[in-house]
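First to last, the protein sequences are chains P and V.
In terms of my numbering, the first sequence opens at residue 81 and continues consecutively.
In terms of my numbering, the second sequence opens at residue 24 and continues consecutively.
Hints listed in this document are in silico derivations from the structure and should not be mistaken for laboratory results.
Since the structure is predicted, the reported quantities are computational estimates derived from the model, not experimental observations.
Do not rely on the hints blindly, as some may be mistaken.
Unchecked claim - With the C-beta cut set under 7 Å, the calculated list includes, among others, these residues of chain P facing chain V:
hint : residue
1    : R105
2    : V203
3    : L207
4    : S217
5    : I234
6    : V237
7    : P238
8    : F241
9    : I243
Glycine included, each C-beta is placed from N, C-alpha and C at the ideal position.
Each chain, letter by letter, is given below.
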Amino acid sequence: MGWIWKTATGFLMAGTVWGMMAYVRPAEGFLYPDGARIIIIHVPCAWISAVAYLVAAWNAGRVLKRVARPQDETWVRPDCLCEASMELGLLFSILTTATGSIFSRLQWGAFWSWDPRQTSIVVIMLLFAAYLVLRSSVTNAVMRARLTSAYAIIAVVPGMFLIWVLPRVVASLHGDANNAVIGGGLDSQYRAVLYGLALPAFVGLYTWLMQLRMRLSMAEWRAVERSVG
Amino acid sequence: MTSWPSLTRCCGSVRTVPESPADRALVSVGWMDQALAVYRKDLRVELRERTALASLVLFVLTSLVVVGFALTGGVMEPGVAASLLWVVMFFATFAGLGHTFVAEEETGTAAGLRLSACPEAILAGKLMMNLTLLAVVAVVAVPLFVAIAKLPVPAVGRLIAVVAGGVCGLASAATVIGALVAKARARGVLFGAIGFPIVLPLLMMTAVATRHAISPLAGDWMWLRDAGGLFSYATMLVAASVLVFPIIWESN
Numbered sequence: 081m082g083w084i085w086k087t088a089t090g091f092l093m094a095g096t097v098w099g100m101m102a103y104v105r106p107a108e109g110f111l112y113p114d115g116a117r118i119i120i121i122h123v124p125c126a127w128i129s130a131v132a133y134l135v136a137a138w139n140a141g142r143v144l145k146r147v148a149r150p151q152d153e154t155w156v157r158p159d160c161l162c163e164a165s166m167e168l169g170l171l172f173s174i175l176t177t178a179t180g181s182i183f184s185r186l187q188w189g190a191f192w193s194w195d196p197r198q199t200s201i202v203v204i205m206l207l208f209a210a211y212l213v214l215r216s217s218v219t220n221a222v223m224r225a226r227l228t229s230a231y232a233i234i235a236v237v238p239g240m241f242l243i244w245v246l247p248r249v250v251a252s253l254h255g256d257a258n259n260a261v262i263g264g265g266l267d268s269q270y271r272a273v274l275y276g277l278a279l280p281a282f283v284g285l286y287t288w289l290m291q292l293r294m295r296l297s298m299a300e301w302r303a304v305e306r307s308v309g
Numbered sequence: 024m025t026s027w028p029s030l031t032r033c034c035g036s037v038r039t040v041p042e043s044p045a046d047r048a049l050v051s052v053g054w055m056d057q058a059l060a061v062y063r064k065d066l067r068v069e070l071r072e073r074t075a076l077a078s079l080v081l082f083v084l085t086s087l088v089v090v091g092f093a094l095t096g097g098v099m100e101p102g103v104a105a106s107l108l109w110v111v112m113f114f115a116t117f118a119g120l121g122h123t124f125v126a127e128e129e130t131g132t133a134a135g136l137r138l139s140a141c142p143e144a145i146l147a148g149k150l151m152m153n154l155t156l157l158a159v160v161a162v163v164a165v166p167l168f169v170a171i172a173k174l175p176v177p178a179v180g181r182l183i184a185v186v187a188g189g190v191c192g193l194a195s196a197a198t199v200i201g202a203l204v205a206k207a208r209a210r211g212v213l214f215g216a217i218g219f220p221i222v223l224p225l226l227m228m229t230a231v232a233t234r235h236a237i238s239p240l241a242g243d244w245m246w247l248r249d250a251g252g253l254f255s256y257a258t259m260l261v262a263a264s265v266l267v268f269p270i271i272w273e274s275n
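All chains, please: the whole structure from these sequences, using the hints.
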């Protein structure tokens, strides 16, 4: 039955592109009204980065709960899920930064201006990267699962702070969109495309990529298991 | 506390059945006593060898000399000065404080420590040790920096409160990250790399808080809000550390 939601994701993604390029009006009040269309891609990428982080942290918790009995190997799946989600988080946060920079150049005149939201996405990007670096520097699988999951849990503290606190307490160029994660100041057409098409499309894309990455990780795990023991 | 290794785990069961009354007295060694014992042990080792403290203070002095040299008589803006001070503190923390756990692994004493005290007590002891080291560094670095950068300090108490908050946050981050890194390869590079995203929000807060503390324009109660934020961040980090430390510590 997997083909149903995958096809739906394809249609929703096509719909997102159509919505972005043809349906929404050029946003009024922006320096380059047509440039604002990039929001339709930029915002879901930022959302998915946060979702990826939450999924990873949740799975890290599951690993820590189960890894007390490493011989059961019930920790392998959540550990792989955590890694996959961190990798996708890195990908989506890079996309967020790139699309954000383009829009920032159009709207605020510079690719980078150390706006609180820009700072927070770049640090979240570093968190994802740091997790993966830590992962690559431990060879033993059980130990790797323990250490990286512990790191993912500790990183919830700055992650929470950067996603939900910092952009709300410091003055930001992101304007109204800053007060809620959702674009409070955008008009209804943008909101319809964002919620109706882009969000489900990106969630579908994320799920699909997770699935593919998981299939690879589990195959790798089985291959290593077989060769070692 | 002469023979402090207790025979119990504070949260687990008795490992060895004590025979003599003296041994039985040890069983009741409480959590706080264990933590203090770890702290005292580390302090004694540090006072004998002075490796961590010497390298930390020397590092800070070198960086401050570089700052002063680059400045050569000029006056720094409070915002720049505050950021610079915390850049120096950050690098000092992540150059020196990893030592506490790495040394245990390198000298092979980690196993002994693991048997002697419960993980939470070890975390608390190491945290106290790192706090002490960093407090000493701050006592040396901050007045020196104020003198070099010719900063006006309208209210010394505010600056002390803010620096104390920053020190607590940095020490609590460095403790748990140090424990993580001690188990991995390529420790030196890794420590800074994985520690940086954890302390970056803290560094941003400390820079702003220090700027407020040395600026006469800030409101009277601004320092309380700033220091409160720093202590809260440190508390959150300690809470997360307590959750995950036993798992890091027990893994081999």
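Tell me the hint numbers this structure goes against, listed in increasing order.
Hints 1 and 9 not satisfied by this model.
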